[in-house]
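> One letter stands for each residue in the lines below.
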Amino acid sequence: MASEQATPGELAIPRRSRFRFSTVGKHPVGYIFVVPYVAFFISMIAYPLGFAIYLSFHQWSIVQSDKPYVGLDNFDRLIHDSLFWQSLRNTLKFLIVNVPVTVVVALILAVALNRGITGRAFFRTAYFLPYVTAGVVIALIWKWMFSTDDGFINNALSNIGLPRIGWLTDPFWSMITIALMVAWKQMGFYVILYLGGLQGIPQSLYEAAAVDGANAFQRFITITIPQLRPITLLVVILSTIVGFQLFTEPYIMTGGGPLNSSLSVVLYIYQKAFQSLEFGYAAAIGMVLAAIIMITAFIQRRFLGESAA
Amino acid sequence: MTDHRDSGSDVDGTLQHLRLNRRDVIRGGVGLGLGTFLIARGAAGAADNVTFWYATNPNETDYAKAVVAAWNKSNKPQVNAQPVPAGNSTEEVVLAAIAARTTPCALANVAPAAVPQFGNGLVDLSKVKDAESFMVARSGKSVIDQYRSTDGDLYQLPWKVNPVMVFFNKAMWSKAGLDAEKPPVTYTEALDAMGKLKAAGITPIEPTIDQTWYNRWFDWYPLYLAAGNKLLLDDKQSKAIFNDAAGKASMTFWRDVYAKGYAPKASWQQNPYDAGKVAMYIAGPWAIPDMEKGGVLKDTGVMPVWVPDDSPVAKGGTMPNTFADTKNIGIFSTCDDKDGTWKFLEFYVSPENDKKFFEMTQQIPLRQGIDQAMGQAFFTKNPLLEPFAKQAAHTLDVDPTAKSIDIFTAISQAYQECAIYSKSSVDDALAKAEKTVNGLVGS
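Just so you know, the protein sequences line up as chains A and B, in that order. Numbers 1 to 309, taken from my numbering, label the letters of the first sequence in order. Numbers 1001 to 1443, taken from my numbering, label the letters of the second sequence in order.
To be clear, the hints were calculated from the coordinates, so they are not data collected in a lab. Don't take every hint at face value.
[Unchecked claim] No farther apart than 27 angstroms at their CA atoms in a straight line, the calculated lysine-lysine pairs in the DSS-like style are these: (1) B:K1198 / B:K1423; (2) B:K1198 / B:K1127; (3) B:K1127 / B:K1236; (4) B:K1293 / B:K1381; (5) B:K1073 / B:K1141; (6) B:K1170 / B:K1293; (7) B:K1343 / B:K1129; (8) B:K1141 / A:K67; (9) B:K1170 / B:K1315; (10) B:K1381 / A:K93; (11) B:K1076 / B:K1343; (12) B:K1065 / B:K1338; (13) B:K1182 / B:K1277; (14) B:K1065 / B:K1293; (15) B:K1293 / A:K143; (16) B:K1129 / B:K1141; (17) B:K1390 / B:K1230; (18) A:K143 / B:K1277; (19) B:K1265 / A:K143; (20) B:K1073 / B:K1129; (21) A:K93 / B:K1265; (22) A:K143 / B:K1423; (23) B:K1076 / B:K1127; (24) B:K1236 / A:K67; (25) B:K1198 / B:K1293; (26) B:K1355 / B:K1065; (27) B:K1239 / A:K67.
Turn these sequences into a full structure, and let the hints steer you where they fit.
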């Protein structure tokens, strides 16, 4: 039949099959392989995100049936909430300490591990181990280590005649202590990223620089750091995002104190949702935090990315 | 030109293998049906069981396991008992469980402060057949009435009381030249004793400074109750009443304790009193087993919380009020077998099991005449429990408001600001907390 003849460049497919193919494609079984991810995306990302947006415009509690629409009230309240701004300042303080320490120490460790040092495999594993250990376990151990009275660190300081420091009980130190501890925990992952970058730098660049008389430090400054700039951009963006999501460590180690000095934005979201049962307000803070993370990542990419290009 | 059908022949061949014949379809259908049947049967079987959460305290764990095992021997529904899942507090764990609809049938660690927050997550026990009469017969009407919600109904089975008192180490007391038989009553006497302890090289007291809301139940709040004999809100639950003489006196006392260096600014992992490092510790009788393990129980005495110098209590003859730290039992509305769960709870707090509970956990069941039921021999064997049993009649709990956690969070902020870190005056800190609390309760 004429209608079933293929035109040039087109498959000779019967009309009924052509309809089916145009709807589900030539290999519908492919959908089976896509379904798990689509289901995951819908249930774990799209639905929670949509629901959070919905919540942020409502006064919503899990134990009350009345959940009225409140428009932008939650966002208006957020602007005037001094505790939200304090949690944001605390998180920025965390980032100011955590991100530079992470970048510098991870780079130094990666360069060291990239050399033929004895026990290289052991050190690579040792640095990576905290990253794959449960955050709660690490936070509990470090909470004991940082304890003012009977902690390992203060005992060590005391033994050499130095004063004990309120690592987690002094409002000045609490967030700095947490930032350093998290940098230690995450370090292994960023070292691996840097190691991958180091192994991609052509050896010929170092050889040429050596021929030109550059010493090891000059080679590090003029070759290693510029060549690793894309990796550094990645480390900065990832550690910033992780920092904005800080929760487990202050939750376990300080409860956000003392004097709210270690209250992170995400811990504040948790407190508003699960202590005050103000899920709508908590969702509004979450929306604002998501926007801040996106803008920060965009700025970082814009500035560091340009210099990396 | 390449023929698309030819180029795709390998894929088509693979797909050919995926085509199912009739036998495969029948086999698959039977398998699916059988699987569905087994899952449904499992679910039906699960409905015969109820889940029960208890506190993680080791002694309570032993008690819960023993009583649940005794119940399961010859009763239905069968009870699956497990400790409350790990979390910062039971309240937060339960709220997360309510959100995820994974609450147990019953929970034996419900703080009265949390009941209004749980809202319709808890079953109205006044509507469970014979439950209210059972509770009144066990604890007495006056006790039961304290735990009624604003609608007059009971959403919790009043279970046990842990009056907060001050433990002290008599050996350290003697070393500092203090008379262990005449412990301090007033703030001035307490500060004087602390001064002598410090002078003797002993850390007088070390409450945790952690800002989490419930920590104030073991420093400022019992002293506030002893000073003012009232809760934090007025009777209508609509206005803060703690920014008064009682609130200021108790807050000033703690400010003096920290300012004079009698208490370190510490957040400890291991209780320093149990380790024999400090002279005093504010807690309920639940702390006694750990003191025994730490080896300090033999030197331990107990005294009521201190009162302002002008308190009538200072003239003697009566005990001051303190925080009750009551823990109750609730049934969650997600439970499929509420009546069966209630029958289990009747067994859990039966006269015999209440006695067993007191013996095993050293916590006081809210049962009328429990002192007589235990007998003098029990208190002779456990001398520290006698003052707690007497103190149980002089206790106050918390306001029945859904904002209780937020209120204590505001109090905790004020306490940290003015008492621990001296960042503001007592007047300013309490005024700020009062404003916050009034905002929370709507006045």
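> All hints, please: hold or fail.
Status of the hints after comparison with the structure:
1. B:K1198 / B:K1423: Given pair K1198 (chain B), K1423 (chain B) holds - Cα atoms ~24 angstroms apart, limit 27 angstroms.
2. B:K1198 / B:K1127: violated (56 angstroms)
3. B:K1127 / B:K1236: Between K1127 (chain B) and K1236 (chain B) the Cα gap is close to 25 angstroms, so the pair holds against 27 angstroms.
4. B:K1293 / B:K1381: holds (17 angstroms)
5. B:K1073 / B:K1141: violated (33 angstroms)
6. B:K1170 / B:K1293: holds (17 angstroms)
7. B:K1343 / B:K1129: holds (10 angstroms)
8. B:K1141 / A:K67: The hint is violated at about 36 angstroms.
9. B:K1170 / B:K1315: Holds: K1170 (chain B) and K1315 (chain B) sit about 24 angstroms apart, inside 27 angstroms.
10. B:K1381 / A:K93: violated (55 angstroms)
11. B:K1076 / B:K1343: holds (9 angstroms)
12. B:K1065 / B:K1338: holds (21 angstroms)
13. B:K1182 / B:K1277: Answer holds: K1182 (chain B) to K1277 (chain B) is near 22 angstroms, not above 27 angstroms.
14. B:K1065 / B:K1293: Since the Cα atoms of K1065 (chain B) and K1293 (chain B) sit roughly 21 angstroms apart, the hinted pair holds (cutoff 27 angstroms).
15. B:K1293 / A:K143: Given that 27 angstroms is the threshold and the Cα spacing comes to 23 angstroms, the pair holds.
16. B:K1129 / B:K1141: holds (17 angstroms)
17. B:K1390 / B:K1230: The given pair, whose Cα atoms are some 20 angstroms apart, holds under the 27 angstroms limit.
18. A:K143 / B:K1277: Distance of about 19 angstroms is within 27 angstroms: holds.
19. B:K1265 / A:K143: Since the Cα atoms of K1265 (chain B) and K143 (chain A) sit roughly 15 angstroms apart, the hinted pair holds (cutoff 27 angstroms).
20. B:K1073 / B:K1129: holds (25 angstroms)
21. A:K93 / B:K1265: Within the cut-off at roughly 23 angstroms; holds.
22. A:K143 / B:K1423: Holds, at roughly 25 angstroms.
23. B:K1076 / B:K1127: Answer holds: K1076 (chain B) to K1127 (chain B) is near 21 angstroms, not above 27 angstroms.
24. B:K1236 / A:K67: Roughly 24 angstroms separates the two Cα atoms, so the pair holds.
25. B:K1198 / B:K1293: holds (26 angstroms)
26. B:K1355 / B:K1065: The hint holds at about 16 angstroms.
27. B:K1239 / A:K67: Holds: K1239 (chain B) and K67 (chain A) sit about 25 angstroms apart, inside 27 angstroms.
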